[in-house]
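Sequences listed follow chains A and B, in order. Going by the working numbering, the letters in the first sequence line up with residues 2 to 477, in that order. Going by the working numbering, the letters in the second sequence line up with residues 2 to 477, in that order.
No lab work stands behind these hints, which were simulated from the structure alone.
Where chains are identical, the list cannot tell them apart; a pair therefore holds if satisfied intra-copy or between any two copies.
Listed below are the simulated DSS-like cross-link pairs for lysine-lysine, each with C-alpha atoms no more than 30 Å apart in a straight line:
id : residue 1 : residue 2
1  : K203      : K99
2  : K335      : K249
3  : K283      : K335
4  : K318      : K283
5  : K77       : K99
6  : K283      : K58
Here are the chains, one letter per residue:
Number of protein chains: 2
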Amino acid sequence: MAEKLTSQSKDYPRWYNEVVQRAELAENAPVRGSMIIKPYGYALWENMQRALDDMFKATGHSNAYFPVLIPESFLKKEAEHVEGFAPELAVVTHAGGKSLEEPYVVRPTSETIIWDTYRRWIQSYRDLPILLNQWANVMRWELRPRLFLRTTEFLWQEGHTAHATQQEAHEEVLRMLDVYARFAEEWMAVPVIQGIKTDREKFAGAESTYCIEAMMGDGKALQAGTSHDLGQNFAKAFGVTYLSSEGKEEFVWATSWGVSTRLVGAIVMAHGDDQGLILPPKLAPHQTVIVPIYRGEAERTTVLDACERLSIPLREKGVRVHLDDRDQYRPGFKFNDWEQKGVPVRIEVGPRDLAKGEVCIAIRHNGEKHQEPITGLAERIPQILEETQAGLYQKALDFRRENTHVIDSYDDFKARINDGGFFLAHWDGTAETEERIKNDTKATIRCIPFEGDDTPGSCMVTGQPSAKRVVFAKAY
Amino acid sequence: MAEKLTSQSKDYPRWYNEVVQRAELAENAPVRGSMIIKPYGYALWENMQRALDDMFKATGHSNAYFPVLIPESFLKKEAEHVEGFAPELAVVTHAGGKSLEEPYVVRPTSETIIWDTYRRWIQSYRDLPILLNQWANVMRWELRPRLFLRTTEFLWQEGHTAHATQQEAHEEVLRMLDVYARFAEEWMAVPVIQGIKTDREKFAGAESTYCIEAMMGDGKALQAGTSHDLGQNFAKAFGVTYLSSEGKEEFVWATSWGVSTRLVGAIVMAHGDDQGLILPPKLAPHQTVIVPIYRGEAERTTVLDACERLSIPLREKGVRVHLDDRDQYRPGFKFNDWEQKGVPVRIEVGPRDLAKGEVCIAIRHNGEKHQEPITGLAERIPQILEETQAGLYQKALDFRRENTHVIDSYDDFKARINDGGFFLAHWDGTAETEERIKNDTKATIRCIPFEGDDTPGSCMVTGQPSAKRVVFAKAY
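Isolated chain A (complex conformation) (with noise of 0.2 Å):
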């Protein structure tokens, strides 16, 4: 049996990388700060992007691609967006042999390829909306890369939208926020707070950025997703004008917005414990494992041949069942390898619980174990599963509770922050005092959100007048 996994409370960092090794997501590679998503890893990604691509169908959107390799200057075209991602960048500088006359940048996000696109798209306002979204690679060059969550190269959707409005512009924004949050509770089993970044935290390029923001199991803030209100900002560095039903030209507006694998990562730490990854049913590839218990040949043949049985009505169900009919480990070590890679429920299937028409359950997420009877077993999974959905949900969501705190003063501020969680407390509004914060205990504003306490007040910092409190937190 493998050494145990460090404890959340003794080494978290250490925790986090152990499990995604250990759960088989993903290894370093012998690529500066890049990933390799291992298969049980990249199937988890996988139910992901289904579930995320439907919803972007759902929602009017059509999928394309655009290419990898972007000219340098056009990134220099937007000179907000260029600033924020000129230091990040690869360059393609050789091809086929010889020195390219205008070097080539690895996208970190296509904005500027698919507006210079756009351009070439969009006469009349009979061509817009144009509802995009893209499957890709993107590559930032990570000072500290942490697998899943900070990594060069990454695997992500990006949509791209234009329209012909302002206001319908706005709406998409919020339409897309919307929907991450949706997956983020749904499917994810997260909770999430919506709301708009301060100016210091958005998108380099956007007129606003929206986001969705999560709590790991640290207490500290993940930015799930974010969508982007760019206004006309590419629109005019890129030249894409329309012309409106009145037959007037006017630019074009943008929205962008994406999220990526760092979710994995959003997943582990959400609801890992001490025995490893623990994963939301309507997400993970195996929903129930089937562990037969034998001795010998003969118990072998009649276990496995009962354990085939029992699977094909759990099919039928549309559970994704695994059996693990690995002969050269020991039951033990299945239950183990299976727990740590975060299966919700299991089924052991031996021969003394098969004579009374038995076998036993094992709930990941609760680790409650008890008989169950073989008849009724197609129905009772899938109630399981549901249960455990919603109960995975809960607990992220008293966890974030027991976790966000109401503040008022600087120094308990700075007394707590490092205790982890999301501190509730007014600012200034200033990027100064923003500034100071994050110096001060490298805690930054996550968002302003939509919901909760709309009362005002005064800084915690200055004292100056403040609209609503806002999300402190330390983030990854």
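Chain A is fixed; fit chain B onto it per the hints.
Okay, now just chain B, sitting in the frame of chain A:
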């Protein structure tokens, strides 16, 4: 109305480019040799991906993801591999504002980074087989790029498997070749010839390369998929050994196999005609388009309502239906638009037909047009789609038969090779003769086919003995 398409007989390459662009499959990007895959083209690719991915999973494979950047030194570890790919590499020399100590190449294919990883994953026979696939973008700097057929960046899947025995690896190679052949014939409706490449045409680093070859509408060949038996070449280059069940250290056996977005080009050229694209129903983004015909607002409402009602039972039967309710275009424009885009069936719905309980059906691939009662339409359309799928395959098969020639004289060969088609001829098995034929005629040996006439003979060029006829053609 737009200008007519260039006809195939007048200028086939120009016809191809016009179809790809007018059907809105793709366009050239402002990055040398790269393309932008437009939503309609990408939707077609997504359907292809889904079908292939299901077939890969049904044959026991899982997906994973490896880095897009590969240390340049990795490429050099397999001598033939680097020789084959070096001239086509794009190289990242700078990142994060600094010059890199070791340059990275943008993957042209992933054998090297994957076999470097397999070295860490494989210790014992218990770790085998590894059956992985990756969906990814790859880059090969092409001097003469053509949309879908040959682009510097393209999308593909690459399977990479590791086996304990040569026999098992060989079975995998043929299994995946068969998957590709079934996909081409059953989904793309494109008949293919399965066979083995000559040494001159095999993959750089393979022991042998198997392929499927399809005939395009101009009689040229298109290599539609390859499956490589890599022997122990990559295992030796990367030091990947395993401890056998007998306790012996052995090198691992490898395969790799891939198909790419060039298959979109194959569909265009296998089925298209002078009116544009013709899509096989199983892969078409829209299997049926409904075009409403009306004058004035009152008729519009009635007709659109009827169209909506028509589409419901069709959707319930699993038909991908698109209702073209664009108000700014006249029906004639829409007919032409969807014909150009290759939608298998068009349903025209006008007030007079509705009054008679009928609609007009136009079938793209054979140009048939007739009245059809609305009652039973939801049963009739799926039948027409099946007939279309079968009809397209049969037509392509007949075309290939008509354009496949058994030939024994090199003079005849030279006289006829420019007319297009496959030529079954005897070859002495030497690279010299192969080279000479290519220099004389630009034709290559597409494959040594599995099936067909097995009678020995003598080489059409040298008169030396030949075991069987091989397939010569000019190729994309």
